[in-house]
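Sequence lines, in order, name chains A and B.
Under the working numbering, the first sequence is numbered contiguously, ending at residue 340.
Under the working numbering, the second sequence is numbered contiguously, ending at residue 340.
Please note that a few of the clues may not be correct.
Put simply, identical chains are the same to the list, so a pair is met inside one copy or across any two.
Below, a list of computed lysine-lysine pairs in the BS3-like style, where the Cα atoms sit at most 30 Å apart [said to hold, decoys possible]: (1) K60 / K251; (2) K251 / K325; (3) K60 / K325; (4) K325 / K118; (5) K251 / K170; (6) K118 / K60; (7) K118 / K170; (8) K118 / K251; (9) K170 / K325.
Treat the hints as calculated values from the structure; they're not laboratory data.
All values reported here derive from a predicted model rather than from experimental measurement.
Protein chains: 2
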Amino acid sequence: MGVVVSIEEGRPDAEASLADLVALVSGGMERVNAQILSRTGSDVAMIPEVANHLIDSGGKRLRPILTLASADLCGYAGIDGDVKLAASVEFMHTATLLHDDVVDGSDMRRGRVAARIKWGNEASVLVGDFLLGQAFRMMVEVGSLRALDILSAAATVIAEGEVMQLTAAKNTGTSEDEYLAVIRAKTAELFAAACEVGPVLAGRPVAEQEACRAYGMNLGIAFQLIDDVLDYGGTSAALGKNVGDDFREGKITLPIVLAVRRGTEEERAFWRRTLEQGALEEGDLETAHTILRRHHALEETVARAREYGTLARDALDPFPESPMKSALLQVVDFCVSRVH
Amino acid sequence: MGVVVSIEEGRPDAEASLADLVALVSGGMERVNAQILSRTGSDVAMIPEVANHLIDSGGKRLRPILTLASADLCGYAGIDGDVKLAASVEFMHTATLLHDDVVDGSDMRRGRVAARIKWGNEASVLVGDFLLGQAFRMMVEVGSLRALDILSAAATVIAEGEVMQLTAAKNTGTSEDEYLAVIRAKTAELFAAACEVGPVLAGRPVAEQEACRAYGMNLGIAFQLIDDVLDYGGTSAALGKNVGDDFREGKITLPIVLAVRRGTEEERAFWRRTLEQGALEEGDLETAHTILRRHHALEETVARAREYGTLARDALDPFPESPMKSALLQVVDFCVSRVH
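Bound-form chain A, shown alone (with noise of 0.2 Å):
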């Protein structure tokens, strides 16, 4: 087993594989974030005090990035097609994290107070719907039919995933098929499509754009996985600090999948009693813990998650070697070593 080291956004380790790229699209992060700010921008001083407080909030904007860096890699050498989709995209993320905060009842999000807790749900609701309109109009602006036909399809296929989520919830009888097509709706479909729509917009030809969706898209899935892990404290023997929330919420991910799949009667009657019921008492957490290290349910979806990470770098074998098809490359192994 692993060594804990509980890393979070916007810490030095974080970064390290990470820098490469993020050095490769500064100068378009720049732009991206110049034009988030602008669209942010509304008559209604509510709006850009929500959105800001969510997107000042120091998450990596990952989305984008990959926009922008799946548009380089296919030589787009427009004016700034690739910067509006880019911040569409991060648009689109933060209007769900709005609509998310409200479905699951979230008090905390990226380490601060959520916005549904400090403006109610209602102004969640519509500020996320404000930004889900701008987002359709910057994608109108930059004029593609298929970059929006993307975009839009995506929109389509997170709602759905959430409301999938919605109906497996706290259902521990969940099983890996299941819960691998919700994590695919909710959360590897936009990087699917923020990755497919560089090379649409660079005028590529389909094998391209197939090759920087399914990068995009088992990256995402490897990013979520990762995420169910750390949510449990990493691979660690022992429970960190900040861990637990999916736990508290009844949250099915694919460590408790795996865990009662493999589980003896009584620890089944556990996961329905704490997960379906949320009848929680003092000591769960680490009984929880206790059953997913019995059954190397954690290292098992990092393993799971490594597959996924093999499947993006092998996408992107189309591509010449470049130092943004490396630094893509590194951004896999990034996502895959946050554990530990």
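Use these hints to put chain B onto chain A, whose structure you have.
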């Protein structure tokens, strides 16, 4: 003062002056309804359940009717661009209603239990997002970037209007201008966009696009003002059944704005207690009605609606006489005459 004739959706007398328009677009609306049905489909069973709960509940579908009508008025002769944009407009409207219910905490919608009561706030938020995504997908299929621009801008403006309303909510100091800005954005903008895309599809000159937009915008304002009056039972001296929702929810509408402006200090204290503080007592709705009557606030609101109705009618001047034009003029009378 007029006599109360409670005209609700679906009752024959309400259909009277919509009848010509409904007849003229009936073929197109059958295809719109088929489109709506097929686009609420999803492997995730909860999505069509929630969507159809609202969609089947018998709204007039005035907005998609306006899209078909304006396309026809302008001689659109394409295959199904009008049908898909009309379905998009209805999905945008339905998404707004689903999100509104969460924002307002409403228990009822169109005489049915609100979706959020039956399936939860989560489902209302997410199915709204799904429908918005599907709306954009249909627009992309139509392929008109200008129509996409109009409708995505409308999505943004509607969300802005809703946030504006949230900010103004329960503030009895709201001015008439502020209130009009809210209903322009949250209600009239979608009427305007629904009408504007007709001439756009038909490839007509900007002057006709602006004429159709102006028709929709002014019709939308008139429509909302009459809705405000109907919520106090129309202009009759007596209170009818099923009225007072706005009052109980503390909504500031034009009748209230006018009554507050003309009111005594005692009356203003009444509005602050009931609308701002929500400290309702037995008999308050009757008192509200008495004060509104004392200041002719309902009649004046109807008078304002008539003015906007006139602007809507005048906007169609550039178009030659035709059965469709006559039908669109009648719609204005229908909207304004619902009240007495």
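Verification of the supplied hints:
1. K60 / K251: Answer is within: at 24 Å inside a copy they meet the 30 Å cutoff, but 41 Å across does not.
2. K251 / K325: Answer is neither: 35 Å inside a copy and 56 Å across each miss the 30 Å cutoff.
3. K60 / K325: within (19 Å within a copy, 54 Å between copies)
4. K325 / K118: neither (42 Å within a copy, 49 Å between copies)
5. K251 / K170: within (6 Å within a copy, 37 Å between copies)
6. K118 / K60: For K118 and K60, the Cα distance is within 30 Å only inside one copy (23 Å; across copies 38 Å).
7. K118 / K170: both (27 Å within a copy, 19 Å between copies)
8. K118 / K251: Both ways: K118 and K251 sit 24 Å apart in one copy and 22 Å across, limit 30 Å.
9. K170 / K325: Cα proximity of K170 and K325: none, with 40 Å in one copy and 55 Å across.
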